[in-house]
Every structure is written in C-alpha cells, then in structure tokens.
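Asker: In the order they appear, the protein sequences are chains A and B.
Residues 1 to 130, numbered by our numbering, are exactly what the first sequence covers, in order.
Residues 1 to 259, numbered by our numbering, are exactly what the second sequence covers, in order.
Hints are computed from structural coordinates only; laboratory data are not their basis.
Ideal Cβ placement from N, Cα and C applies to all residues, glycine included.
Possibly wrong hints are sitting among the right ones.
Said to hold, decoys possible - Partial list, computed: chain A residues near chain B (C-beta under 7 Å):
| # | residue |
| --- | --- |
| 1 | 51 |
| 2 | 55 |
| 3 | 62 |
| 4 | 63 |
| 5 | 66 |
| 6 | 67 |
| 7 | 70 |
| 8 | 95 |
| 9 | 98 |
| 10 | 99 |
| 11 | 102 |
| 12 | 103 |
| 13 | 114 |
Residues per chain are reported as follows:
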Amino acid sequence: MNDPDRDLRPDTPAISDDAGLDARLDALGKRLAGRREGSVDDRREARRTDAQSYGLGIRVATDIVAGTLMGGGLGWLADSLFGTSPLGLIVLLMLGVAAGILLALRSAGMVNEPTMESRSADENEQGRTG
Amino acid sequence: MATDPIHQFEIKRIVPIDVGGVDLSFTNSALFMVLSAVVGSGLLMWATMHRRLVPARMQSAAEMFYEFVAKMHRDAVGSEGMRFFPLVFTLFLFILMANLFGMFPYFFTVNSHIIVTATMALFVFFLVIGFGIWRNGFRFFKIFVPDGIPVAVLPFIVLIEILSFFTRPLSHAMRLFANMLAGHITLKVFGGFVISLGQSTIFGAGAVSTIVGVGMAIVALIATVALTALEFLVAGLQAYIFAMLTSIYLSDAVHPGDH
Chain A
1 MNDPDRDLRP
11 DTPAISDDAG
21 LDARLDALGK
31 RLAGRREGSV
41 DDRREARRTD
51 AQSYGLGIRV
61 ATDIVAGTLM
71 GGGLGWLADS
81 LFGTSPLGLI
91 VLLMLGVAAG
101 ILLALRSAGM
111 VNEPTMESRS
121 ADENEQGRTG
Chain B
1 MATDPIHQFE
11 IKRIVPIDVG
21 GVDLSFTNSA
31 LFMVLSAVVG
41 SGLLMWATMH
51 RRLVPARMQS
61 AAEMFYEFVA
71 KMHRDAVGSE
81 GMRFFPLVFT
91 LFLFILMANL
101 FGMFPYFFTV
111 NSHIIVTATM
121 ALFVFFLVIG
131 FGIWRNGFRF
141 FKIFVPDGIP
151 VAVLPFIVLI
161 EILSFFTRPL
171 SHAMRLFANM
181 LAGHITLKVF
191 GGFVISLGQS
201 TIFGAGAVST
211 IVGVGMAIVA
221 LIATVALTAL
231 EFLVAGLQAY
241 IFAMLTSIYL
251 SDAVHPGDH
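Assemble the whole structure, with the sequences as input and the hints as a guide.
Answerer: Shown next as structure tokens:
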C-alpha cells in the first residue's frame, strides 16, 4: 500500500509501512506525553506541594508554640500550687520547649512516632517520612 | 463600630434557654454548627441519592471526597483503623463546612472559638488514651519509653515524651483556632483599611492626600481579595490537617508498633 504521508516526512524510514507507522505513533506518543507532563500535571503537582509545605510549616510552628505554652503553663501552675517559684517555671518551661521541638521534628518526619514494641537499633535510625 | 475586627466573633443568643441556672441558649455559634452539620451531610446524601453505577457530576464529586479522606486515613492508620473512619470523615466534613460557611460575609466562624476546636481535640485525645489502653493494656504506656536510649538520660526523655503527648491536644486545637481567628481578623483589618482610607480622602483637604489615600485604599482592596483567596485555601487545608492529625494520633492507639 502507498503511504500518503511519505513525501511529507522524509526522515521516517519507509522500509515497512507497519514499522514506519509504529515509529511515528511512538514519536507522537512521546511528544504528547512530554506536552502533558509539561503543562497540567506539573502545575497541579506544584500547587499541591505548595499547599503541603504551607500546612507543614503551620504544623511545625504551632507544635513549638504549643509545647512552650504547655511547659510555661504547667510550670506556672506548679509554682502557684507548691510555692516553688521560680524553679518550676524554669524547669517545666525548658522541658516544654523540648517537648514542642520533639513534636515539631515528628511533624517534619525526622523522628520516629512512638511505638509500643521494641525495635532494633538500625530501624530506629530511619525517620518516618510523610 | 463596623470596622472593629473582633466584633465578628461575638456570641449572640438567638433563643435564650436556661436550664437550672445553666445558660444553654441557642446562639449564633450553635446555629452555624447545626448548619454545617446539616448542610454537609445533606449535600452528601443528596449527591449520592440516585446511587448510579456510572456517577453523575455531584455523585462523582462526593465519591472523590470520600475516597480522598479514606485514602488519607488508610495511609495513616492502615485497614485495621478503618473503624475510626466515620469519626475522621465526620470531623473533616464538619470543620470544612464550618470554615467555608465562615467565608460568607456576616456569617459566624465556628472554629474561631478555641472552645469548639478544643472540644474536638480533647475528644480525640481521650479516645486515643481510652482505646489504646482498652486495646493494648498497659503496653500502651510503652509509647513514652523509646528504645535504644541510655539509662542515664531515660527519665529525662520519658518526661519529655509525656509532656509532648499532653501537648498534642493543645497544638491540635490551637492550630485550627489560631488559623481561623487570625485569618478572619486580618481580612477584617484590611477591609477596614479600604473604608477608612477612602473616608479620609473624602473629608480630607489636599489633592495630594486624596491621591495617596485612594491609591492606598486600592492596594488594601487588592490585598483583601488576595487574602480572601488565601483564606479559602486555609479553610480547606486546616480541615485536612485536623483530620490527618486525628488519623495519625489514632494510629498510636491502634497499632502495637508496626508502623
């Protein structure tokens, strides 16, 4: 059979019509895939990761603030209950900041979530992502 | 004043109810909670009413929403934790609807009051403790004792772990509350700028001050529009984060440690 497009595409090998058609279909598929990746999916992906980063930032920020508030509040409460001012505030505020940073690191996936079962040491090294 | 940025959070009694000295009035906050719950579930029921095998537009949207939340929950807790999926889905839907209702002018934003978000966060907190102990017994308390820690610093670490566990509901509640409160105050303040800058140019004297005032009012208006778009993002995102953290916290109670 004659290939009507042959004159228009001198670079396409015309050894066999089927092979030529396959090659051109492949090229078209690649071009389309490239165009699709370049446009809609990329933008959607970028928008999603923007929202995710915003969410992660908010999470980390509130974790640290909440830890500090919790420690400060408990310290103030302990001082006013037991009359240990200012020792309780100092100790519990520092512990609260540490707890907040631990929460923030967990939110960022850099420290393992707490578990009830024992784990081997090398498993402990890998932080949980996501 | 109309431009008072705090005025919008005022609780007003709509139907005063008094039960034995306890004020149980139906307030504007309660009204919007009921609206969020009714409109949220009503919308989903209406969308899935026909139960077509090939879904129409609304049913398709409802199914995508369901699948989205289900995937998020399953990723965090696993199939075993799907018994908590109705709770997570309800929280997500309620918070999302309440936040979106808050975006209407003159509407009340339920989640801008910390008592509302704290109630939800504390419910999740006590559910995690209760279910964790019921399911795992005293093994649940092992989550406070990490492995591979030298004995010398272990008491210190356990103290921090316990404190961080009790900080979680505070952080959980505060995040949603602070985002909604701050966002709506910012919107109101920038909206107020438009009015006050515009007014100052009408009653002001010089031509220069008029040009500067109108220019700044236009900048404030553009900022208000941009902030409104941001608030819509925050409304959805905070509902998602609240539900996702609920799933993550519940996974502590469900899983004996196979994360």
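Asker: Could you work out which of the previously given hints the structure breaks and list their numbers from low to high?
Answerer: none
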